[in-house]
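If you want the building blocks of each chain, they are given just below.
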Amino acid sequence: MAAPPVFDLIAAHLRHRPVQSVILLLAVAIAAAAVFAGRVLEQGRLKALEQSLARLGADLVVVPRGLSQATEQAILTGQPATFTLPRSVEAKVQSIPGIERTATQLFLKSLTNAACCSAGNLFLVAFNPESDFTVRPWLEDHPDRPLGPDEVLAGAAMIPEPGDTLRFYGHTFTLAGKLAATGSGLDLTIFIPREGALRMARESAQKAEAELKISPEEVSAILVRLQPEAEGGPPAWKAAYEIESRIPEVSVIQPDDLFVRTRQNLSGLLTLLRGVGGSAWPAAVLLLGLTFALSVNEQKREIGILRALGGRREFIFRLVFCEVLALALAGGILGLSLAGGILLGFSRLIAVRLHVPWLWPDLPALGLSAGLAFSLAVSAGGLAGLLPALSASRLEPAEAMRRGEL
Amino acid sequence: MSRSLGLGILALGIILYFTPTRLFPVCGFPLPPGTEVGLLAGHACYKTLRVTQGLAGLTFILGLAALLWTRPPIAWISSLAAAGLGVLVILTPLAIAPVCKMPTMPCRLGTLPALVILGILLLAVGGAGTLLLWKRHGRATGL
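Chains as they are written, first to last, in the numbering used here: chain A, 6 to 411; chain B, 5 to 147.
It should be emphasised that the hints constitute simulated quantities derived from the structure, not laboratory data. C-beta atoms are modelled at their ideal positions from N, C-alpha and C, and glycine is treated no differently. There may be inaccurate statements among the hints.
Said to hold, decoys possible - Just a few of them, taken from the derived set where beta-carbon distance is under 7 Å, the chain B residues facing chain A:
#, residue
1, 105
2, 107
3, 109
What the hints assert, rightly or not - DSBU-like mimics (lysine-lysine), calculated; alpha carbons at most 35 Å apart, straight line:
#, chain 1, residue 1, chain 2, residue 2
4, A, 52, B, 139
5, A, 114, B, 105
6, A, 97, A, 218
7, B, 105, A, 212
8, A, 114, B, 51
9, A, 183, B, 139
10, A, 97, A, 243
11, A, 183, A, 114
12, A, 212, A, 243
13, A, 52, A, 114
14, A, 212, B, 51
15, A, 183, A, 305
16, A, 305, A, 243
17, B, 51, A, 183
18, A, 52, A, 212
19, A, 183, A, 52
20, A, 218, A, 305
21, B, 105, B, 51
22, A, 114, A, 305
23, A, 218, A, 183
24, B, 105, A, 218
25, A, 97, A, 114
What the hints assert, rightly or not - Every beta carbon over 10 Å from chain A, so not counted as near; a handful from chain B, in silico:
#, residue
26, 68
27, 87
28, 102
29, 106
30, 113
31, 118
Whole structure, please, built from the sequences with the hints as guidance.
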């Protein structure tokens, strides 16, 4: 007798128990989705963090004492932070051995609900085009286009396009270019040449709804680049310690340290996803295994009939094993699709709510995460299906039919 | 079949109605007590909210029709119309009544993707219903 097609039998069996099939499908889907989403969110966060710190281009950032956290938040989320230091601090920093070069930035923010500003509560950074590290890559990519005092650069997430005009404190600037995306607050920042910012402040008393008071002798942060350690330069931690002990009015941010701290400091959702991803897989294996073990036990009579009609042990094994595997495959695909869809739509919202920078990971990393999540789902099916399939295939026809009737 | 289809469309209509005000609110929502809705009319996404709620109302009516009149032509027409509404829901925040432009605005971060996903779901439910009903009854009734 020709054996009935395995997949027809599997489909009929799954249709016969829709609630059980859906529950098992969802269990595998949740495990796959949590593993995939957790990995993608984590990889995206690290990529954005790396890009942001690379954009800063500094080994150390010197800010007024006690304001390092506000500065870190401004860099990571674009939440404007405004504070000042006397510009003379830059000379004190430069006098410390091992400092290769410094650059200053002045942090400002645009007025909210004011006709004199194109957009409210924007983080504006006044920089010195000759010495700045942050926008240096853009300037180096455009050597034939020096930045005028009334020309600004914008982060990648800003809507205006090069050539558009922007008004801050009543002063009109032209957008000269947009910087590459970092996924952090730097993407929502406007970089204004220091000369233009000072001119804007001078004119603000007449043109703006509120005067912008800044002094040419003030800065907000001093970006520091150290001599390479190979050339006898100090390690970043030692230079930071040296600066803080010699200049008591400042705090020093170490970008490398910020990277490590932010990496370790997992937000609630990521911790939850890690937990769900870690525990859902063994739970799915257990659920699938137990359900199918019970199912085999309940269907001994049917298995006995199949065996009596000529079904070989391999056929019975394939029947049970492929059913678990089919559920796991479908669950894996469903989980990946769900997680992918949610990430595609809501990744920026998730990043904003978690206050973390975020960029889509590179395609190979994304593929690896999808592959890992899918493999876990399939292996859950494989592992869970092995024992029930073996026990079903070992049943003798007469014994199976007798036990099935009890 | 027609009843579960009707229930699905009805549920999507209800979710759609509350998406721009409660689930993934547009800018300014939920309204602080005592605020007049008119004050928000300046936001581009206020129009998105109005259009979405209109479409949600139509979806609800279609779901109700499919639930109450299970005769094949009505259920088939309801599901076909629901699929069409799905396309309109997708297009609402993107083209018909676009959300605000700033990438950090709540409507762009939350309402837009939520409406696109709901639109896809509505399109999938309506499309699947149309196909299944046509397969089951269409040929017999000449639809």
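Each hint, compared with the structure:
1. 105: holds, 5 Å
2. 107: The hint holds - residue 107 of chain B has a Cβ within 7 Å of chain A, the shortest such distance being about 5 Å.
3. 109: Because about 10 Å separates residue 109 of chain B from the closest Cβ in chain A, which is outside the 7 Å limit, the hint is violated.
4. A:52 with B:139: violated, 49 Å
5. A:114 with B:105: holds, 20 Å
6. A:97 with A:218: Distance ~25 Å between residue 97 of chain A and residue 218 of chain A Cα, so the pair holds.
7. B:105 with A:212: Answer holds: residue 105 of chain B to residue 212 of chain A is near 26 Å, not above 35 Å.
8. A:114 with B:51: holds, 30 Å
9. A:183 with B:139: Cα-Cα ~54 Å, so violated.
10. A:97 with A:243: It holds: about 16 Å lies between the C-alpha atoms, which stays within 35 Å.
11. A:183 with A:114: Given pair residue 183 of chain A, residue 114 of chain A holds - Cα atoms ~19 Å apart, limit 35 Å.
12. A:212 with A:243: violated, 47 Å
13. A:52 with A:114: The given pair, whose Cα atoms are some 27 Å apart, holds under the 35 Å limit.
14. A:212 with B:51: holds, 33 Å
15. A:183 with A:305: violated, 69 Å
16. A:305 with A:243: The given pair, whose Cα atoms are some 73 Å apart, is violated under the 35 Å limit.
17. B:51 with A:183: Roughly 30 Å between the alpha carbons, so the hint for residue 51 of chain B and residue 183 of chain A holds.
18. A:52 with A:212: violated, 41 Å
19. A:183 with A:52: Roughly 19 Å separates the two Cα atoms, so the pair holds.
20. A:218 with A:305: Distance of about 85 Å is beyond 35 Å: violated.
21. B:105 with B:51: holds, 13 Å
22. A:114 with A:305: violated, 74 Å
23. A:218 with A:183: holds, 27 Å
24. B:105 with A:218: With a Cα-Cα distance of about 31 Å, the restraint between residue 105 of chain B and residue 218 of chain A holds, given a limit of 35 Å.
25. A:97 with A:114: holds, 27 Å
26. 68: Label holds. Min Cβ-Cβ 26 Å, cutoff 10 Å.
27. 87: holds, 19 Å
28. 102: Check passes; 12 Å lies beyond 10 Å.
29. 106: Incorrect as stated: the minimum Cβ-Cβ distance to chain A is 6 Å, not above 10 Å.
30. 113: violated, 4 Å
31. 118: violated, 7 Å
In the structure shown, a violation is registered for the earlier hints numbered 3, 4, 9, 12, 15, 16, 18, 20, 22, 29, 30, 31, in ascending order.
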